[in-house]
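Peer 1: Make the full structure from the sequences, and use the hints.
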Amino acid sequence: MTNTAETHALVQREKGKKHMIQRRLIPAYIFLIIISFISVFPLLWMISAATNTSLDVARGKIMFGTYAMQNFKNLIASQNLAGAMGNSFLYAIVQTVISMFVCSLAGFGFELYHDKNKDRLFSILLLAMMVPQVATMVPLFKMMSRAGLLNSVWAFILPSISTPFLIMMFRQNSRNFPNDLMQAARIDGLSETGIFFRMYVPIMKSTYAAAAVITFMNAWNAYMWPKVVMTDNRAQTMPMLIANIASGYSIDYGMLMMGVLFCSIPTMIVFFVLQKQFAEGITGAVK
Amino acid sequence: MKNEKSGSLMAKQRRAGWYYLMPGTVLITIMSFIPIINGFLTSLKTGSSANMKWASPLTYNYTRMFKDALFLRSMGNTFLYLVVEVPIMLILAILLAQLLNNHDLKFKGFFRTCVFLPCATSLVSYSLIFKSLFATDGLVNTVLCKLGILQTHYNFLGNPTSAKIIIILALIWRWTGYNMVFFLAGLQNIDYSVYEAAKIDGANGWQTFWKITVPLLMPTIVMTAIMSINGTLQLFDESVNLTNGGPANATITMSHYIYNNSMGQGVANFGYASALSFVIFVMVAILSFISMKAGDKRD
Chain A
1 MTNTAETHAL VQREKGKKHM IQRRLIPAYI FLIIISFISV FPLLWMISAA TNTSLDVARG
61 KIMFGTYAMQ NFKNLIASQN LAGAMGNSFL YAIVQTVISM FVCSLAGFGF ELYHDKNKDR
121 LFSILLLAMM VPQVATMVPL FKMMSRAGLL NSVWAFILPS ISTPFLIMMF RQNSRNFPND
181 LMQAARIDGL SETGIFFRMY VPIMKSTYAA AAVITFMNAW NAYMWPKVVM TDNRAQTMPM
241 LIANIASGYS IDYGMLMMGV LFCSIPTMIV FFVLQKQFAE GITGAVK
Chain B
1 MKNEKSGSLM AKQRRAGWYY LMPGTVLITI MSFIPIINGF LTSLKTGSSA NMKWASPLTY
61 NYTRMFKDAL FLRSMGNTFL YLVVEVPIML ILAILLAQLL NNHDLKFKGF FRTCVFLPCA
121 TSLVSYSLIF KSLFATDGLV NTVLCKLGIL QTHYNFLGNP TSAKIIIILA LIWRWTGYNM
181 VFFLAGLQNI DYSVYEAAKI DGANGWQTFW KITVPLLMPT IVMTAIMSIN GTLQLFDESV
241 NLTNGGPANA TITMSHYIYN NSMGQGVANF GYASALSFVI FVMVAILSFI SMKAGDKRD
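If you read the protein sequences in the order shown, they are chains A and B.
In terms of my numbering, the first sequence opens at residue 1 and continues consecutively.
In terms of my numbering, the second sequence opens at residue 1 and continues consecutively.
Take these hints with a grain of salt, some might be off.
If you want a taste of the chain A side facing chain B, the calculated C-beta under 8 Å gives, among others [what the hints assert, rightly or not]:
| hint | residue |
| --- | --- |
| 1 | 25 |
| 2 | 28 |
| 3 | 39 |
| 4 | 80 |
| 5 | 102 |
| 6 | 119 |
| 7 | 121 |
| 8 | 159 |
| 9 | 165 |
| 10 | 167 |
| 11 | 220 |
| 12 | 223 |
| 13 | 242 |
| 14 | 244 |
| 15 | 282 |
| 16 | 283 |
Restraint ranges, calculated between C-beta atoms of paired labels, are given here [what the hints assert, rightly or not]:
| hint | chain 1 | residue 1 | chain 2 | residue 2 | range |
| --- | --- | --- | --- | --- | --- |
| 17 | A | 249 | B | 264 | 27 to 33 Å |
| 18 | B | 162 | A | 121 | 48 to 54 Å |
| 19 | A | 269 | B | 40 | 50 to 56 Å |
| 20 | A | 29 | B | 266 | 52 to 58 Å |
| 21 | B | 190 | A | 184 | 35 to 41 Å |
| 22 | A | 234 | B | 165 | 37 to 43 Å |
| 23 | B | 102 | A | 44 | 24 to 30 Å |
These are computed hints drawn from the structure, not numbers from a lab.
For every residue, glycine included, the Cβ atom is placed at its ideal position computed from N, Cα and C.
Peer 2: This is the structure:
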């Protein structure tokens with residue numbers, strides 16, 4: 001009795017302190033505003049620099065300018081922008097689609113048909129997580145060049161279609177998949193393939209969304225591997241293109257930032273539209 | 001009869017399971033396991049890519065690296081980035097997650113989006129943005145000169161110490177929000193009433209942070225720490241694009257040095273590069289075993 005009365009009094013007091021609470025949080029707000037500004041500023045600067053002449057950028061102009069069109073023209077005159085954008089989209093989309101299919105199928109098989117041998121195999125596959133990219137770079141390069149796949153979409157995507165991370169993500173998230181429903185569907189005569197396409201895929205929609213977002217981002221942003229296998233200029237990706245611009249002796253900052261902007265637009269759109277899925281994709285298999 | 005039928009059905013199901021996991025398993029085997037074995041064999045050979053032969057002694061490439069000043073420097077650089085960047089970034093990420101988990105805070109979504117935003121840029125993009133910002137004629141120099149802090153324009157990326165500091169700052173900028181996402185997810189698993197109880201008991205923010213948040217987030221802290229160390233050990237894009245390893249290889253990372261040895265202009269020292277990459281492999285493997293041990297405790 002006294003307890004509830006006490007709690008009640010406390011709640012009343014807390015409510016009365018509403019303004020106090022807000023004042024208590026002022027340092028937190030200031031800190032968050034500063035951090036937010038630092039986080040956003042370089043990107044805003046990148047956009048504004050893309051609209052200014054290189055000289056203005058160097059002079060420290062941070063306001064938006066009117067030179068965007070000229071920067072764009074310089075960019076397409078000196079670089080194969082359309083080609084690189086097209087390549088990046090092609091590679092990232094093909095990788096995402098195939099990767100979703102292969103990894104979800106594997107996660108589905110590992111979790112919903114699991115037995116001792118499959119569990120054992122899965123823990124072996126997890127070992128692939130500790131293989132650093134540089135350690136497989138040379139052997140994979142030799143493999144791709146022997147197979148005549150250099151500068152093709154296959155060279156780009158093959159090493160990253162199937163990853164332990166994605167298989168684990170689908171496997172973990174299949175934990176809650178209704179097993180009874182699967183049995184019922186089997187009794188109703190649905191084939192094993194039917195179960196995957198007609199039940200698993202629709203039910204796991206949100207996992208697919210998160211996995212697809214993270215795969216697309218990784219594929220779009222990939223740099224070291226494309227640099228190794230996409231040696232032909234016509235096969236280059238957006239990150240390679242902007243790295244190219246910046247490797248010159250005198251850098252045209254306006255044009256460079258225009259390129260960086262183009263390289264960032266697709267991932268920015270994905271970020272703003274699918275932020276929740278992106279966050280879920282990052283935390284992925286961690287549940 | 002009935003038994004037999006259900007038996008064959010079970011067998012059919014089990015087979016279906018194997019079919020499903022086969023493509024993914026085969027791909028990982030061909031694209032990770034076979035190359036790493038190949039890489040190890042290559043690391044025991046010398047010669048250019050066309051005619052490689054077994055090194056004599058077999059460990060030649062491995063003993064060579066300990067006398068390779070440049071490799072030792074790249075290892076030192078990588079460890080420096082790791083030791084300075086990872087703790088600062090993780091502490092900042094936990095702090096931000098803790099602040100954003102406060103139910104009394106307004107504009108949470110806005111702050112979260114802002115802090116998370118750097119993750120939307122590719123590693124090459126942000127490296128180039130930072131390179132431009134800190135260039136001799138970049139914005140930072142201009143502002144510092146106007147404010148009178150600097151007398152003349154300073155070549156931040158031309159000085160080993162300041163170049164390293166800028167790489168570390170850039171890394172913190174890019175990855176803090178990424179790690180914060182893990183901590184926010186971790187905090188959401190903690191019942192908020194624990195915090196309210198602490199508040200009623202008169203605990204201040206600092207005490208709540210150290211006595212509640214940090215212990216309850218320990219598994220997440222261990223996991224993000226291991227992921228960050230793993231990522232830092234493999235640092236490549238920033239070293240290539242922000243400083244190009246310079247000035248005079250003062251900021252080069254291990255992965256960058258390995259790349260230069262194998263795919264760099266005019267060099268195809270596959271054997272030596274493979275041996276070097278095995279050093280990273282061993283480090284990452286040790287880390288992974290530690291993380292598995294830590295993961296066991298969680299279950």
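Peer 1: Are the hints correct? Go through all of them and say.
Peer 2: Checked hints:
A cut of 8 Å between beta carbons decides the hint on residue 25(A): the least distance to chain B is about 6 Å, and the hint holds. Given the 8 Å rule on beta carbons, the hint for residue 28(A) holds: about 5 Å separates it from the nearest Cβ of chain B. Look at residue 39(A): its Cβ gets to within about 5 Å of chain B, closer than 8 Å, so that hint holds up. The closest approach between the C-beta of residue 80(A) and any C-beta of chain B is roughly 17 Å, which is over the 8 Å cut-off, so the hint fails.
Using the Cβ-Cβ criterion of 8 Å, the hint placing residue 102(A) at the interface with chain B is satisfied: the shortest such distance is roughly 5 Å. The beta carbon of residue 119(A) comes no nearer than 11 Å to any beta carbon in chain B, farther than 8 Å, and the hint placing it at the interface is violated. For residue 121(A), the interface hint holds, since its Cβ comes within 8 Å of a Cβ in chain B; the closest pair sits about 7 Å apart. Contact between residue 159(A) and chain B, as hinted, is supported at the beta carbon level, the nearest pair being about 5 Å apart and thus within 8 Å.
Taken as an interface hint, residue 165(A) does not check out: its beta carbon lies about 11 Å from the nearest beta carbon of chain B, beyond 8 Å. The beta carbon of residue 167(A) is positioned within 8 Å of a beta carbon in chain B (closest approach about 6 Å), and the interface hint is therefore held. With its C-beta approaching chain B no nearer than about 7 Å, residue 220(A) sits inside the 8 Å limit, and its interface hint holds. For residue 223(A), the interface hint holds, since its Cβ comes within 8 Å of a Cβ in chain B; the closest pair sits about 5 Å apart.
Of the supplied interface hints, the one on residue 242(A) holds, with its beta-carbon coming within about 6 Å of a beta-carbon of chain B, less than 8 Å. Below 8 Å, beta-carbon pairs count as interface contacts, and residue 244(A) has none with chain B, the closest being about 10 Å; its hint is therefore violated. The criterion of a C-beta within 8 Å of any C-beta in chain B is met by residue 282(A), whose closest approach is roughly 5 Å, and the hint holds. Restraint check, residue 283(A) versus chain B: the minimum CB separation of about 5 Å is within 8 Å; hint holds.
The beta-carbon spacing between residue 249(A) and residue 264(B), approximately 19 Å, falls outside the hinted interval of 27 to 33 Å. The given range of 48 to 54 Å is respected by residue 162(B) and residue 121(A), whose C-beta atoms sit roughly 50 Å from each other. Take residue 269(A) and residue 40(B): their Cβ atoms lie about 42 Å apart, and the range 50 to 56 Å is violated. Checked against the hint of 52 to 58 Å, the C-beta distance between residue 29(A) and residue 266(B) comes to roughly 55 Å, which is consistent with it.
As the Cβ distance of residue 190(B) to residue 184(A) is approximately 37 Å, the hint placing it in 35 to 41 Å holds. Under the hint 37 to 43 Å, the C-beta atoms of residue 234(A) and residue 165(B), about 39 Å apart, fit the expected range. Checked against the hint of 24 to 30 Å, the C-beta distance between residue 102(B) and residue 44(A) comes to roughly 27 Å, which is consistent with it.
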